[in-house]
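Here's the letter readout for the chains.
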Amino acid sequence: MSRMGKARVRVPERAARGEIVEIRTMVDHPHESGFRHDDMGRPIPRHIVESFTCSYNGREIFRARLHPAVSTNPYFMFYAVATETGELVFTWTDDQGGVATQTAKIEVT
Amino acid sequence: MRSLDITKKGIHDIHGILDIHFASRRRALSALAVGACLLVVRPATATPDELIVALRETFGERPIRPGKVKLDLPRLAESGNVVPVTVSVDSPMTERDYVKSIHLFAEKNNLPRIFEVQLGPYNGKAVVSSRVRLAITQQVLAVAVLGDDTLWSAAAEIEVTVSSCG
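The listed protein sequences derive, respectively, from chains A and B.
Each residue of the first sequence is one higher than the one before, counting from 1 in this note's numbering.
Each residue of the second sequence is one higher than the one before, counting from 1 in this note's numbering.
Don't read these hints as lab results, they were simulated from the structure.
Keep in mind that the hints are not guaranteed to be accurate.
[Claimed, not checked] Listed next, the stretches of chain A that the computed footprint assigns to chain B, with coverage defined by at least 3 CB atoms under 8 Å from CB atoms of chain B:
# : region
1 : 79-85
2 : 92-103
[As the list claims (entries may be wrong)] Per label pair, the in silico range of CB-to-CB distance:
# : chain 1 : residue 1 : chain 2 : residue 2 : range
3 : B       : Ser79     : A       : Thr109    : 40 to 46 Å
4 : A       : Arg42     : B       : Arg65     : 41 to 47 Å
5 : A       : Arg17     : B       : Gly147    : 21 to 27 Å
6 : A       : Arg17     : B       : Lys100    : 41 to 47 Å
7 : B       : Gly147    : A       : Arg10     : 38 to 44 Å
8 : A       : Arg42     : B       : Asp149    : 32 to 38 Å
[Said to hold, decoys possible] Below, computed lysine-lysine pairings styled on DSS-like, alpha-carbon distance capped at 27 Å:
#  : chain 1 : residue 1 : chain 2 : residue 2
9  : A       : Lys105    : B       : Lys100
10 : B       : Lys68     : B       : Lys100
11 : B       : Lys125    : A       : Lys105
12 : B       : Lys125    : B       : Lys68
13 : A       : Lys6      : A       : Lys105
14 : B       : Lys70     : B       : Lys125
C-beta: ideal position from N, C-alpha, C; glycine also.
Work out the full structure: start from the sequences and follow the hints.
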């Protein structure tokens, strides 16, 4: 049903406590706007990633609501303060119930 | 007063915008035969009025002041399909003074909203980057909501050579 594909994230493996780290994320997804037509002139139905969240040891630290104007394979870069060793969980949800998740560990010293 | 200018300019340009609508509908009808990527049901672009409606729905009548926000996007994009954008807000991101959310709008896309992100002191920096679709040459508007609920903004003009179908 859903073409929610592979999700990729880049988080530093190690950071000093209090350091601000850069987080890059991308999910393979058509993110079809619903405004395009195929070669026969038929409308291509909308199929978009609606939300993307990142939690750090259970606490949500980033939430995005996406509209059709985000490009195919939605990409987000943001920052987080490295407070403690743990896990970041990334979740993408699309408008057809498709869900993709990815995790990354960070060691904070 | 750039953020206010965008809406005023939009209202003054409304006749030009409507001309674009009619032209694109004619093109869309002829393009059906060749199956080109053009818009048929909806007009090619939102009117600046739709941007104003989206801003009112999101922020009510609260004033949106220019400042504190930096919007980085290319001046010229060969393709409107994948336009890199970075929004940075000048904020210490402390418990007392932080950015709650960043909202990005396209003046003349089919739908003016692009994305909204929620942030907090745990982000350390109020910066977000993404890649977006811009239908045609237009202004892009970034609005930041601070912890004290004040609204700050930046606008940037981008020239799009090949329209996105988004």
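Quick rundown of the hints versus the structure:
1. 79-85: Three-residue rule met by the region 79-85 of chain A, so holds; n is 4.
2. 92-103: violated (count 0)
3. B/Ser79 with A/Thr109: 40 to 46 Å: Hint holds: Cβ distance 43 Å, inside 40 to 46 Å.
4. A/Arg42 with B/Arg65: 41 to 47 Å: Roughly 45 Å apart at Cβ, these two residues keep to the hinted range, so it holds.
5. A/Arg17 with B/Gly147: 21 to 27 Å: Hint holds: Cβ distance 24 Å, inside 21 to 27 Å.
6. A/Arg17 with B/Lys100: 41 to 47 Å: About 25 Å separates the Cβ atoms of A/Arg17 and B/Lys100, which means 41 to 47 Å is violated.
7. B/Gly147 with A/Arg10: 38 to 44 Å: Between B/Gly147 and A/Arg10, where Cβ atoms are some 29 Å apart, the hint is violated.
8. A/Arg42 with B/Asp149: 32 to 38 Å: violated, 45 Å
9. A/Lys105 with B/Lys100: holds, 26 Å
10. B/Lys68 with B/Lys100: holds, 14 Å
11. B/Lys125 with A/Lys105: Status holds; Cα separation ~21 Å.
12. B/Lys125 with B/Lys68: holds, 13 Å
13. A/Lys6 with A/Lys105: Cα-Cα ~18 Å, so holds.
14. B/Lys70 with B/Lys125: The given pair, whose Cα atoms are some 13 Å apart, holds under the 27 Å limit.
When the structure is compared with the earlier hints, violations turn up for hints 2, 6, 7, 8 and for no others.
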